[in-house]
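S.K.: Residue-level listing of the chains:
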Amino acid sequence: MRSEIEKQIAELERYAESEAVREEIERLRQQLAAGRDGFQPTGPATDAWDRVLLARHPQRPYTLDYISALFTEFTELHGDRRFGDDGAIVGGLARFEGRPVMVVGHQKGRDTKQKLLRNFGMPNPEGYRKAMRLMHLAAKFRLPIVTFVDTPGAYPGIGAEERGQAEAIALNLREMPKLRTPVVVVIHGEGGSGGALAIAVGDRVLMLENAIYSVISPESCSSILWRDWDHKQEAARILKLTAQDLQGFGIIDEVIPEPPGGAHNDLGQTAASIRLRLSAALNELSRLPLEELLKQRYERLRRLATFVEESGHRAAG
Amino acid sequence: MAWFHKNKQPLEPPKEKRVQTEGLWVKCGACRRILWKKDLEANLLCCPRCGHHFKMSARARLEMLFDHGRYVEHDAHLASSDPLQFRDTKSYRDRLRRAEKATGLKDALITGEGLLAGKPAIICAMEFDFIGGSMGAVVGEKIARAIDRCLAQRHPLVIVSCSGGARMMEGAISLMQMAKISAGLARLDEAQRPYISVLSDPTTGGVSASFAMLGDLNIAEPGALIGFAGPRVIEQTIRQKLPEGFQRAEFLLAHGMLDAIVPRKELKAYLARTLNLLGAWDS
Ligand SMILES: [Zn+2]
Numbered sequence: 001m002r003s004e005i006e007k008q009i010a011e012l013e014r015y016a017e018s019e020a021v022r023e024e025i026e027r028l029r030q031q032l033a034a035g036r037d038g039f040q041p042t043g044p045a046t047d048a049w050d051r052v053l054l055a056r057h058p059q060r061p062y063t064l065d066y067i068s069a070l071f072t073e074f075t076e077l078h079g080d081r082r083f084g085d086d087g088a089i090v091g092g093l094a095r096f097e098g099r100p101v102m103v104v105g106h107q108k109g110r111d112t113k114q115k116l117l118r119n120f121g122m123p124n125p126e127g128y129r130k131a132m133r134l135m136h137l138a139a140k141f142r143l144p145i146v147t148f149v150d151t152p153g154a155y156p157g158i159g160a161e162e163r164g165q166a167e168a169i170a171l172n173l174r175e176m177p178k179l180r181t182p183v184v185v186v187i188h189g190e191g192g193s194g195g196a197l198a199i200a201v202g203d204r205v206l207m208l209e210n211a212i213y214s215v216i217s218p219e220s221c222s223s224i225l226w227r228d229w230d231h232k233q234e235a236a237r238i239l240k241l242t243a244q245d246l247q248g249f250g251i252i253d254e255v256i257p258e259p260p261g262g263a264h265n266d267l268g269q270t271a272a273s274i275r276l277r278l279s280a281a282l283n284e285l286s287r288l289p290l291e292e293l294l295k296q297r298y299e300r301l302r303r304l305a306t307f308v309e310e311s312g313h314r315a316a317g
Numbered sequence: 318m319a320w321f322h323k324n325k326q327p328l329e330p331p332k333e334k335r336v337q338t339e340g341l342w343v344k345c346g347a348c349r350r351i352l353w354k355k356d357l358e359a360n361l362l363c364c365p366r367c368g369h370h371f372k373m374s375a376r377a378r379l380e381m382l383f384d385h386g387r388y389v390e391h392d393a394h395l396a397s398s399d400p401l402q403f404r405d406t407k408s409y410r411d412r413l414r415r416a417e418k419a420t421g422l423k424d425a426l427i428t429g430e431g432l433l434a435g436k437p438a439i440i441c442a443m444e445f446d447f448i449g450g451s452m453g454a455v456v457g458e459k460i461a462r463a464i465d466r467c468l469a470q471r472h473p474l475v476i477v478s479c480s481g482g483a484r485m486m487e488g489a490i491s492l493m494q495m496a497k498i499s500a501g502l503a504r505l506d507e508a509q510r511p512y513i514s515v516l517s518d519p520t521t522g523g524v525s526a527s528f529a530m531l532g533d534l535n536i537a538e539p540g541a542l543i544g545f546a547g548p549r550v551i552e553q554t555i556r557q558k559l560p561e562g563f564q565r566a567e568f569l570l571a572h573g574m575l576d577a578i579v580p581r582k583e584l585k586a587y588l589a590r591t592l593n594l595l596g597a598w599d600s
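Those sequence lines, one after another, are chains A and B.
When the letters of the first sequence are read in order and numbered with our numbering, they come out as residues 1 to 317.
When the letters of the second sequence are read in order and numbered with our numbering, they come out as residues 318 to 600.
Wrong hints could be hidden among the right ones.
Straight-line C-alpha distance at most 30 Å; calculated DSS-like pairs for lysine-lysine [said to hold, decoys possible]: (1) B:Lys-344 <-> B:Lys-355; (2) B:Lys-354 <-> A:Lys-232; (3) B:Lys-355 <-> B:Lys-582; (4) A:Lys-232 <-> B:Lys-407; (5) A:Lys-7 <-> A:Lys-140; (6) B:Lys-436 <-> B:Lys-585; (7) A:Lys-113 <-> A:Lys-232; (8) B:Lys-436 <-> A:Lys-113; (9) B:Lys-436 <-> B:Lys-418; (10) B:Lys-344 <-> B:Lys-354; (11) B:Lys-354 <-> B:Lys-582; (12) B:Lys-558 <-> A:Lys-115.
To be clear, the hints were calculated from the coordinates, so they are not data collected in a lab.
Kindly generate the complete structure, drawing on both the sequences and the hints.
M.R.: Listed below in structure tokens is the structure:
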């Protein structure tokens, strides 16, 4: 394992012109230094930072692993019809328990070559536009949509900005509430900010026990508030980014348990747990009349309001 | 790992700027000339020498856009409940208190209803001096209610953005406001009520990646910084200096992301004209 990590570092260093690669190297080095290359909490992860490590565990199943485990006849569809085909987003037609569906998700790479191909799971605008194209296609043919969320975030690069990263994400956020078909979201790894949300607006949001979902990474939060990365563990705690926390806020609907030690210890068991809840959610949602489905999808978001009403209404004008 | 792909705006306005605006004289950030503050204010906070657009407070913005500077404010009493009980080197509650003291606002956005060139409209303006104009649950709820009002009264909507993005101290709840507001705008879209997004300096992160980019028209002030990722994050990612003018309004216009760049002096007339052309007030 140790030599495997060192080999990965050596390989990555050949591509070290991009920050994504450098961050990956840094992460691997930290793993080495911490001697936690085989990080396995003995009991259930209790600290938020443990879950961050599990959500990013190098052996954690990725979207395509779940697709193979949960669906049959997966037929990948490529491209946004405008600019290109983004490897950080995969999608296509498939069958779930015999019934046709559309699957869309972030995809990370396992080895160096795959990591670069998948851009570390960080989509460019064409990735979000591909996702939206496939979701519109699904709605046209009344196929339920299942999305799988696992990204450090949308890619911050010159090309991404030139091609409208903000607009691509924004448009998905406006279009997904209108999709005339059930949408179930499965957050199974990293839910990195707007880059995750752009495919995560749905009727039911399910989340694996050790997945995380946050407006900002603990590292960046630490660097903004403490001006260094040393407080990332504390940042992970105060950001309330665990599935349990988010269920409390009504942001996710259900926490899916993972096998002891984390999803990577038993893909089969994790997939079976997802199947159970996904199946229940899809059955429930397909029974709803479309207008009711869309109304409830909107109200689910509209309820995400936490504020106080303070007295002293100011007159203006 | 940098998920935080938004501009790392300082949490409080830098001291230098405060000092600048407290005196009688102000230095223009673009041409470096020393300006008399009164001249600047008389010129809608645009440099009389080079045209540089200074940041405008939410109040000044609404006073500039509504006829005679008069409007009724909605939902002014909404304030953050600090849902995460967030505390880093200081508590979020302290930051909120300080921001309220500095701006006289309870959060980073004001909703006003009034007349725009004689016709009713709802305008939301963001306040950068309130924790970097960041969007938390209060900004989300205020915009959602503004949308509801536009739907009920058939008024057009204008939102003037000025924000570093989602508010970290409200965690995923602030992230969800992007979805909540965008879902509201989908309804406005389906009801064919016009919405014009005005992007001012800066508009980045979760604000640009939601309502600011969803206008029927997206227009920007000259020189405004607009983007998803902040320039510093991108610079750290690619390890290069960014080209001159990158992520400025002119760059976005050239890349097809904006309908127009509208100087502040022409903003009100532009809004009135385009809303009229879109049939905002036809019955
Ligand atoms: Zn000047």
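S.K.: Each hint needs a verdict: does it hold in this structure or not?
M.R.: Hints and how they fare:
1. B:Lys-344 <-> B:Lys-355: Given that 30 Å is the threshold and the Cα spacing comes to 13 Å, the pair holds.
2. B:Lys-354 <-> A:Lys-232: Violated - the C-alpha atoms of Lys-232 of chain A and Lys-354 of chain B are around 43 Å apart, more than 30 Å.
3. B:Lys-355 <-> B:Lys-582: Roughly 16 Å between the alpha carbons, so the hint for Lys-355 of chain B and Lys-582 of chain B holds.
4. A:Lys-232 <-> B:Lys-407: Holds. Lys-232 of chain A to Lys-407 of chain B sits at ~16 Å (cutoff 30 Å).
5. A:Lys-7 <-> A:Lys-140: The given pair, whose Cα atoms are some 47 Å apart, is violated under the 30 Å limit.
6. B:Lys-436 <-> B:Lys-585: Holds, because 12 Å separates the two Cα atoms, which is no more than 30 Å.
7. A:Lys-113 <-> A:Lys-232: holds, 29 Å
8. B:Lys-436 <-> A:Lys-113: Roughly 59 Å between the alpha carbons, so the hint for Lys-436 of chain B and Lys-113 of chain A is violated.
9. B:Lys-436 <-> B:Lys-418: Not OK: Lys-436 of chain B and Lys-418 of chain B at ~34 Å, beyond 30 Å, violated.
10. B:Lys-344 <-> B:Lys-354: holds, 9 Å
11. B:Lys-354 <-> B:Lys-582: holds, 17 Å
12. B:Lys-558 <-> A:Lys-115: The hint holds at about 25 Å.
Of the numbered hints listed earlier, those contradicted by the structure are 2, 5, 8, 9.
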